[in-house]
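There are 2 protein chains.
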Amino acid sequence: MTSQSAPSPATATGGLQIYDTTLRDGAQGEGMALSVADKLAIARHLDDLGVGFIEGGWPGALPKDTEFFRRARDELRLRNAVLVAFGATRKPEVRAERDPQVRALLDAETPAVCLVAKSHVRHVHEALRTTLAENLAMIRDTVEFFRAEGRRVFLDAEHFFDGYAADADYAVECVRTAVEAGAEVVVLCDTNGGMLPWRIADVVHDVAERTGAPLGIHCHDDTGCAVANTLAAVQAGVRQVQGVVNGYGERCGNANLITVVANLELKMATPVLPAGRLAELGRISHAVAEIANQPPRANQPYVGLSAFAHKAGLHASAIKVSPDLYQHIDPALVGNDMRMLVSEMAGRASVELKSRELGFDLSGDRETVSRIVERVKELEARGFMFEAADASFELLLREELDDVPARFFDLESWRVIVERRPDGEVVSEATVKVVAKGERIVATAEGNGPVNALDRALRQALERLYPQLGELELVDYKVRILDGSHGTGAVTRVLIETSDGETEWTTIGVDENVISASWQALADAYCYGLLRDLSGVERSAGAVQAAAMDSPEAR
Amino acid sequence: MTSQSAPSPATATGGLQIYDTTLRDGAQGEGMALSVADKLAIARHLDDLGVGFIEGGWPGALPKDTEFFRRARDELRLRNAVLVAFGATRKPEVRAERDPQVRALLDAETPAVCLVAKSHVRHVHEALRTTLAENLAMIRDTVEFFRAEGRRVFLDAEHFFDGYAADADYAVECVRTAVEAGAEVVVLCDTNGGMLPWRIADVVHDVAERTGAPLGIHCHDDTGCAVANTLAAVQAGVRQVQGVVNGYGERCGNANLITVVANLELKMATPVLPAGRLAELGRISHAVAEIANQPPRANQPYVGLSAFAHKAGLHASAIKVSPDLYQHIDPALVGNDMRMLVSEMAGRASVELKSRELGFDLSGDRETVSRIVERVKELEARGFMFEAADASFELLLREELDDVPARFFDLESWRVIVERRPDGEVVSEATVKVVAKGERIVATAEGNGPVNALDRALRQALERLYPQLGELELVDYKVRILDGSHGTGAVTRVLIETSDGETEWTTIGVDENVISASWQALADAYCYGLLRDLSGVERSAGAVQAAAMDSPEAR
Numbered sequence: 001m002t003s004q005s006a007p008s009p010a011t012a013t014g015g016l017q018i019y020d021t022t023l024r025d026g027a028q029g030e031g032m033a034l035s036v037a038d039k040l041a042i043a044r045h046l047d048d049l050g051v052g053f054i055e056g057g058w059p060g061a062l063p064k065d066t067e068f069f070r071r072a073r074d075e076l077r078l079r080n081a082v083l084v085a086f087g088a089t090r091k092p093e094v095r096a097e098r099d100p101q102v103r104a105l106l107d108a109e110t111p112a113v114c115l116v117a118k119s120h121v122r123h124v125h126e127a128l129r130t131t132l133a134e135n136l137a138m139i140r141d142t143v144e145f146f147r148a149e150g151r152r153v154f155l156d157a158e159h160f161f162d163g164y165a166a167d168a169d170y171a172v173e174c175v176r177t178a179v180e181a182g183a184e185v186v187v188l189c190d191t192n193g194g195m196l197p198w199r200i201a202d203v204v205h206d207v208a209e210r211t212g213a214p215l216g217i218h219c220h221d222d223t224g225c226a227v228a229n230t231l232a233a234v235q236a237g238v239r240q241v242q243g244v245v246n247g248y249g250e251r252c253g254n255a256n257l258i259t260v261v262a263n264l265e266l267k268m269a270t271p272v273l274p275a276g277r278l279a280e281l282g283r284i285s286h287a288v289a290e291i292a293n294q295p296p297r298a299n300q301p302y303v304g305l306s307a308f309a310h311k312a313g314l315h316a317s318a319i320k321v322s323p324d325l326y327q328h329i330d331p332a333l334v335g336n337d338m339r340m341l342v343s344e345m346a347g348r349a350s351v352e353l354k355s356r357e358l359g360f361d362l363s364g365d366r367e368t369v370s371r372i373v374e375r376v377k378e379l380e381a382r383g384f385m386f387e388a389a390d391a392s393f394e395l396l397l398r399e400e401l402d403d404v405p406a407r408f409f410d411l412e413s414w415r416v417i418v419e420r421r422p423d424g425e426v427v428s429e430a431t432v433k434v435v436a437k438g439e440r441i442v443a444t445a446e447g448n449g450p451v452n453a454l455d456r457a458l459r460q461a462l463e464r465l466y467p468q469l470g471e472l473e474l475v476d477y478k479v480r481i482l483d484g485s486h487g488t489g490a491v492t493r494v495l496i497e498t499s500d501g502e503t504e505w506t507t508i509g510v511d512e513n514v515i516s517a518s519w520q521a522l523a524d525a526y527c528y529g530l531l532r533d534l535s536g537v538e539r540s541a542g543a544v545q546a547a548a549m550d551s552p553e554a555r
Numbered sequence: 001m002t003s004q005s006a007p008s009p010a011t012a013t014g015g016l017q018i019y020d021t022t023l024r025d026g027a028q029g030e031g032m033a034l035s036v037a038d039k040l041a042i043a044r045h046l047d048d049l050g051v052g053f054i055e056g057g058w059p060g061a062l063p064k065d066t067e068f069f070r071r072a073r074d075e076l077r078l079r080n081a082v083l084v085a086f087g088a089t090r091k092p093e094v095r096a097e098r099d100p101q102v103r104a105l106l107d108a109e110t111p112a113v114c115l116v117a118k119s120h121v122r123h124v125h126e127a128l129r130t131t132l133a134e135n136l137a138m139i140r141d142t143v144e145f146f147r148a149e150g151r152r153v154f155l156d157a158e159h160f161f162d163g164y165a166a167d168a169d170y171a172v173e174c175v176r177t178a179v180e181a182g183a184e185v186v187v188l189c190d191t192n193g194g195m196l197p198w199r200i201a202d203v204v205h206d207v208a209e210r211t212g213a214p215l216g217i218h219c220h221d222d223t224g225c226a227v228a229n230t231l232a233a234v235q236a237g238v239r240q241v242q243g244v245v246n247g248y249g250e251r252c253g254n255a256n257l258i259t260v261v262a263n264l265e266l267k268m269a270t271p272v273l274p275a276g277r278l279a280e281l282g283r284i285s286h287a288v289a290e291i292a293n294q295p296p297r298a299n300q301p302y303v304g305l306s307a308f309a310h311k312a313g314l315h316a317s318a319i320k321v322s323p324d325l326y327q328h329i330d331p332a333l334v335g336n337d338m339r340m341l342v343s344e345m346a347g348r349a350s351v352e353l354k355s356r357e358l359g360f361d362l363s364g365d366r367e368t369v370s371r372i373v374e375r376v377k378e379l380e381a382r383g384f385m386f387e388a389a390d391a392s393f394e395l396l397l398r399e400e401l402d403d404v405p406a407r408f409f410d411l412e413s414w415r416v417i418v419e420r421r422p423d424g425e426v427v428s429e430a431t432v433k434v435v436a437k438g439e440r441i442v443a444t445a446e447g448n449g450p451v452n453a454l455d456r457a458l459r460q461a462l463e464r465l466y467p468q469l470g471e472l473e474l475v476d477y478k479v480r481i482l483d484g485s486h487g488t489g490a491v492t493r494v495l496i497e498t499s500d501g502e503t504e505w506t507t508i509g510v511d512e513n514v515i516s517a518s519w520q521a522l523a524d525a526y527c528y529g530l531l532r533d534l535s536g537v538e539r540s541a542g543a544v545q546a547a548a549m550d551s552p553e554a555r
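Line by line, the protein sequences give chains A and B. Letter 241 of the first sequence, counting from 1, is numbered 241 in this note's numbering, and no numbers are missing. Letter 195 of the second sequence, counting from 1, is numbered 195 in this note's numbering, and no numbers are missing.
No lab work stands behind these hints, which were simulated from the structure alone. Be a bit skeptical, because a hint or two may be false.
Put simply, identical chains are the same to the list, so a pair is met inside one copy or across any two.
What the hints assert, rightly or not - Dumping the calculated DSS-like pairs for lysine-lysine here, alpha-carbon to alpha-carbon at most 27 Å:
| id | residue 1 | residue 2 |
| --- | --- | --- |
| 1 | LYS433 | LYS91 |
| 2 | LYS433 | LYS478 |
| 3 | LYS433 | LYS377 |
| 4 | LYS267 | LYS437 |
| 5 | LYS437 | LYS91 |
| 6 | LYS437 | LYS478 |
| 7 | LYS91 | LYS64 |
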């Protein structure tokens, strides 16, 4: 029935459950638009981080989510997390098994479901337009239905805190009904996000006392207190916390799961991730931002670029001697780094570390390290970002080490023409002129856009000499405009992900011209592919990344 | 001596003091660079909002701040706020009146000063390199010096919470010394930002009990809890809260004063602003962002553009009937507004609501609404996203209502050529052929990229006939590749933000060809600009937003 079997450490030990809803509630954020492929990629990162539960979407309500669960069944191999499908209790006056929305939820074939239910008397009357008794029956029936089908059931009690204020007895009755029907956890939701921590704590205490139910918490950030509200609920005894990576979500966003997890582990002595995963927090926060195409927030607690940045000057030496006096934690614990703002990012240590990761020991070669640090600094100042483009970094590294086996091709020129004709048809055509293996080649190709045309032309030019290029496929193409303040004159960063069917790698290009930036990333992508093929680069960035996907424990 | 006389309501009534440090601690944020003129402008906004105290900077330490206080004396006429200059306690083994830094602080001639002092034993030893007794003497002497000069004195006890953890008795002794010497409030600072609310509350309670001192609180957001920590301290009895507008500041920023004030007034029944000023919160938050040249954060609690935005669909009709069920406060209280997002799940209700927002009443016209809903659905299925492109939605709406006053121009064709020449130079050139006011125009322009070239060519073609286009500027350009699974053949969504100096609007284009998508957004941007100019579109999305900035009361 499902693609997972091993329970997460948290669920196995009965500890606090970490329940991620980036793919469902986070996806509701303004400007968020995740494709099915994006959702699968994010799910893999969440599993890699070690969350207990991944809520994947609302099958039946959104066609894209139905598709996600179908593909998840075939393609997702989760190591840590349990996949959860979200849905609502049955409609009023309809048997659960006859409700198409309930069927769609069942058909998602996940080991667990999360049912949203009303617990606020006015919402029952005004939004649901039914009786209080019928709402309780809806909760009971739907929970029992999924339990009978062998599913684990969580219940999201929507607008719970407002409902408790309106009619505490009824809100509590909803919780009791769900638990009696077999719900594993009843999640109290501050749906409108208007609560403050002490109110959350008081209500959680009272509900726990009156029902004995295992409770969860789901907060929104409308008072700027979503993280504190979540932690207050943990202090008050909840067993599950729901949140969203980087705090994406409707209005002001959901509780930021990255911050919550770091606070739990580092401030509240509550381990919630498998051993060793906390240091992946920064990497995974950035990877999810990248996939969601959201600019990473520099001042994000724990993982932001500025989170441990110090304006140097007066205190620089003091900070160097006693960093613990000026930082609330050691940034390495969450995969971050102290940054002194006099200099740019890249330091010797990180270049050495990264090189070792790629199989090059530079510890004895101060001069080469300095040269690479300088070059990386210069490129990053122009908008490059090598943390997202390991393959381009490896090419740079090999070039500096004179380790590139051969130049596969030299560019003479390229030209792209995009034309919208009077009949409305748009055609794109590219010509490249290259020299490879001593031969000058001119090739022209059409494409459905300028970059696609360029890709085809380059492929056509080289494929006779390098037939292995036939294996390569561009699987993702991302564009980000840096420094938006200059409109279309801003600098463009392009990331291209390429696959040879075995593994994938990412290359980068930066230029004020989007086509030029795309060319750089494209040329790097082909170079890296040829290099892999030539030398069977076992320990390359791409290979390490792919291995990590398959087996997070192996590292 | 000073430019102020009337005390703020808070100081007059003995209520909770609101102390803003945007100009001092906020200015330490990465990427913040405030000129003296910026600081004066922000100070006027803060006074207008009605904060009790404005900390203007550190005279002596920063030349710009010395200059600020000089000009403030001549130019600032504060009605509500007291201006405060920030400085440190005297150096070890130096008499206060001989310490140049103390003199500079005195010379700022403000009615109040805030002195930062050590209260952590290790900071005294390792950073100050003096004895615990001498540090106490430094506190006592410096406070007494400024009291003798007739100044009100606040003391910022730096690293207080860490210091309390290291040696509570000494930390408390620092507080006691300051109060005995005449400090009006001793502000407990979570300088490294590592605290959680209950810890803050416990420490404030203990210090208050042991010293009886009037206390203040100063928090940073390194655990994502700065707002909650501040409120917890208020609950525990502090008399002063320090914060920064929009939460700017070093690392993860300071406590966001906008959020704190809204929570105090609306959630904790603690009035802290003069009557009627709370509704200015949104306007002032945006004005400060504008002056500080920081992009406004759409998901900022209370005042963000998305803070009361609802994805329509299922719940749109329910929200219309009972907005209080779906919003934690009435957004008008803080000068904000409910926004319905026309999205994927767009239904009739949300289109009706959105249209009314734009000044069109469609409630009687079922057929038109159906037609618009169908068209939006069809476009959104292709990758359009109108929630982020109000102007494109308005153009669509007007087209369906036959309300477009005129077609400003008809496109015949365009062509873009991007070429990388053998010498490495990349050139972009665009040609557009349009018909406008009965005239066929062909124009060619170069640009630093294909879209920039297209923008220039279109502008060149139309500017003679529509000179008002000279006012328009493209201020932001965003590209998102949808469904990354097809590599460079994927669909591209382009968002363009345009300004006419008064207001800004966003348009959208979607196509598998990035140039074509950009063209669509560009053409819409120009159309909307011309439409605004032509009809003085008073009730358009942009105009409503601009009006809101100028006069929220007028709505």
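These are the hints, each one checked on the structure:
1. When the C-alpha separation of LYS433 and LYS91 is checked against a cutoff of 27 Å, the pair qualifies neither within a copy, at 64 Å, nor between copies, at 57 Å.
2. Taking the shortest Cα distances, LYS433 and LYS478 sit within 27 Å of each other inside one copy (25 Å), while across copies they are farther apart (31 Å).
3. In this homomeric assembly, LYS433 and LYS377 never come within 27 Å of each other (Cα to Cα): the closest approach is 31 Å inside a single copy and 44 Å across copies.
4. Neither within a single protomer nor between protomers do LYS267 and LYS437 lie at most 27 Å apart by alpha-carbon distance, with minima of 58 Å and 68 Å respectively.
5. Taking the shortest alpha-carbon separations for LYS437 and LYS91, neither the intra-copy value of 69 Å nor the inter-copy value of 57 Å comes in at or below 27 Å.
6. In this assembly of identical chains, LYS437 and LYS478 lie within 27 Å of each other by CA distance neither inside one copy nor across copies; the values are 31 Å within and 40 Å between.
7. Only within a single protomer do LYS91 and LYS64 lie at most 27 Å apart by alpha-carbon distance; the minimum there is 22 Å, versus 65 Å between protomers.
Violation of the numbered hints given earlier is confined to hints 1, 3, 4, 5 and 6; the remaining hints are satisfied by the structure.
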